[in-house]
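Participant: The residues making up each chain are set out below.
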Amino acid sequence: MKKVSEIMERREFILAGGLIGAGAVAAGAVTLGARLEKVPKDPTGEKTVRNITTLKDLKPQHNEDDHIRMQRELAGAMSKPLEKRRWIMVIDVRKCVGCLACTVGCIAENKLPPGVVYRPVIQTETGEYPNVRLSFLPRPCMHCENPSCITVCPVKATWKRPDGVVVIDYDKCIGCRYCLNACPYAARTSDFGKYYTSGEAQGAPEGKERPIYGSPAPWEGLPSNEYGKLWSRKDHGSPVGNARKCHFCLHRLEKGLLPMCVSTCIGRATYFGDSNDPDSLVVELVTKNNVQTLLPHWDNKPNCYYIV
Amino acid sequence: MSLRNNSSDTTHSASGLSSQWTKILWFVWILLLVAGLVGLVMRLTQGHNLTGYGSYVPWGLWIGVYFLGVGISGGSFILGSLGYLFDIKGFSKPSDLRCALVLSLAGLLPAFLGVWLDLGRMDRLMNIIIHPSFTSMMAFNAWMYNIFLVVAVLCWLLSFKQNSSWLKPLLALGVFFSILFPSQSGVFFEAVRTNEFWRSPLLSMLFLVSAITLGAASLLFVKSATAPHTNSRTDESDLDSALRVLRAITLVGLIVYVMFEFAEFSITMWNPGTHSPNTEFLLFGPYWPVFWILHIGIGVVVPFILLSGPSRGGWIFASLLAIIGFGAARLCVLVPGQVAGQIPGLAQAFQDPRLSYVYHITTMEYLVAFLMIAVGMTIFYIGDKLNQVIESRL
Chain P
1 MKKVSEIMER REFILAGGLI GAGAVAAGAV TLGARLEKVP KDPTGEKTVR
51 NITTLKDLKP QHNEDDHIRM QRELAGAMSK PLEKRRWIMV IDVRKCVGCL
101 ACTVGCIAEN KLPPGVVYRP VIQTETGEYP NVRLSFLPRP CMHCENPSCI
151 TVCPVKATWK RPDGVVVIDY DKCIGCRYCL NACPYAARTS DFGKYYTSGE
201 AQGAPEGKER PIYGSPAPWE GLPSNEYGKL WSRKDHGSPV GNARKCHFCL
251 HRLEKGLLPM CVSTCIGRAT YFGDSNDPDS LVVELVTKNN VQTLLPHWDN
301 KPNCYYIV
Chain L
1 MSLRNNSSDT THSASGLSSQ WTKILWFVWI LLLVAGLVGL VMRLTQGHNL
51 TGYGSYVPWG LWIGVYFLGV GISGGSFILG SLGYLFDIKG FSKPSDLRCA
101 LVLSLAGLLP AFLGVWLDLG RMDRLMNIII HPSFTSMMAF NAWMYNIFLV
151 VAVLCWLLSF KQNSSWLKPL LALGVFFSIL FPSQSGVFFE AVRTNEFWRS
201 PLLSMLFLVS AITLGAASLL FVKSATAPHT NSRTDESDLD SALRVLRAIT
251 LVGLIVYVMF EFAEFSITMW NPGTHSPNTE FLLFGPYWPV FWILHIGIGV
301 VVPFILLSGP SRGGWIFASL LAIIGFGAAR LCVLVPGQVA GQIPGLAQAF
351 QDPRLSYVYH ITTMEYLVAF LMIAVGMTIF YIGDKLNQVI ESRL
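Keeping their order, the protein sequence lines are chains P and L.
Counting in this note's numbering, the first sequence runs from 1 upward without gaps.
Counting in this note's numbering, the second sequence runs from 1 upward without gaps.
These are computed hints drawn from the structure, not numbers from a lab.
As the structure is a computational prediction, the values presented were derived from the model and not from experiment.
Ideal Cβ positions, reconstructed from N, Cα and C, are used throughout, including at glycine.
Don't take each hint at face value.
Claimed, not checked - Which stretches of chain L does chain P cover? Using the computed rule of at least three CB atoms under 8 Å from a CB of chain P, they are:
(1) 126-134
(2) 283-294
(3) 338-346
To be verified - In silico contact screen, one side only, chain L against chain P (beta carbon under 7 Å); selected entries:
(4) L44
(5) G47
(6) W116
(7) G120
(8) M138
(9) L157
(10) L173
(11) I179
(12) S183
(13) R244
(14) A349
(15) F350
(16) R354
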């Protein structure tokens, strides 16, 4: 075996050192650069201000319905530039009755296919008969302050907007599912391209709005409005193959509507609003109640609070 | 798959496989290829519908085989290049180097195939190169593998040139990459900071050790199998020396890997933490056959016994078993890390086959994995043939 000095000539040694050094420096530089980079740029400023006229003339009233108040506060928040808002969700688990209206409402609103769910409700049974208690825990995306799902994305397809909402660009996502593994709340699900009606009614007579010969029913091909764009899953169009998650119904917020899970909550257990507004209902609930977040030890700093 | 028997070499037990074994390997290759092509058609026509993974266990067999291929690639490059650079007997000739380089490529390219087929959007594969985010270890790895691929191909081409001043520097760069990327494969998992089972610095070392061991075992197998034609240029003592070195590295690698594994699991055993459900799942739960039988039994104990013996045939068989065992070891990292949900009751909250913490490998996944192996064998065969053809013209 040769000595190290005999392995290469001086010129080769310098060349090898240069190549390795350049490789190491380049690797360090791109990694550091990626850490410092703010991507991508979301629209901010005056162009993001929305003039929501819903409930514009309705004055605040004593003991008014929480939904009315949240709706009015939403309009107020939307009148500010995007970067001045900070959306949070508060869930009062004491009031949740486990009706799953939020889950179903979300599925309908976002036209979610089988296997994709943004807001499951976890049911826990404690005690023994006759002293049994059922408790319910809705689990949307936490829109964390320090999200573990974003840094692992290899193609900058997911990021946190200035208003706090963690979003996914369906046109960029490659469907590697790294973010699914990184989310401790399992709030992201993959769209595997399934349809509820696929394989159903095989051999049934042809007719409008019926699945024929195993093909999905036409209504399953209707586009969803997520992120304010039309997404058709026909012909393997995105979001088929993508990671999907709750986005606080951004498309509804733009129109002055509360997220679907908030609107459909029959127990008034889900609250939504702008935490930058010190007089908002959500701020009041967080400050006046015993609130908790899920899995706080990961330091993800969730923006979904539970009143327990 | 260059496994032709050469009657002139039959006096040496290490000189390639017999014609009977050669036929068997050809048969295995055809079987794997046909089955794999069936799997490919199923994947391309049915999408992910026939896979066993889902949203709660997002990665399955293909990712395991991907990391196996990457390990073989990195390990064979490290050993082949260092042996060439340091002029170690049995590794010092350009033909020895070329054998290792071809093996390295044969490990890496099918790994790419597996990860491509695993993507939800196969049409956007190149986005990871064109629009990478280097905060992600996946993008970092993808770039590193591709640069390594270019370096390995350049080294292979330059190895045919007499006295190339670029070969050794590029080999040094390739060694740098091939030490870096197996350990970075460990970081691929460690970077998931919210997963207690994966968040262990030992994973980097486990992946590096397994890569070197895999490289040694794979080289041991192919050097033995391709001995007839290389033997025409290499004397028997060179081959004998190479096989002894590779056997020693494989033996030591197996021991070190198990030691690191023990260190990792002993923490859970004596100080149960949040990742103990994952470890219990692996060691004593539903995954115990994969760990104890495939990984430890078939992948470590049997190869260790065979490699400790004098039989060259036993060494070849041991190297194959070690490779299979490391395939199981990859699954022992991958699957347990995904099966223990952190929010109790979530899997029952919304029922769907894709929303489950149970993962069973499906037929289609196996078939595609067979394709990856068949492609690897094909690349090695073609590369080895090319080596022979070009060498004969030099």
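Participant: Hints numbered earlier in the text: which of these fail when held up against the supplied structure?
Facilitator: 2, 4, 6, 9, 11, 12, 13
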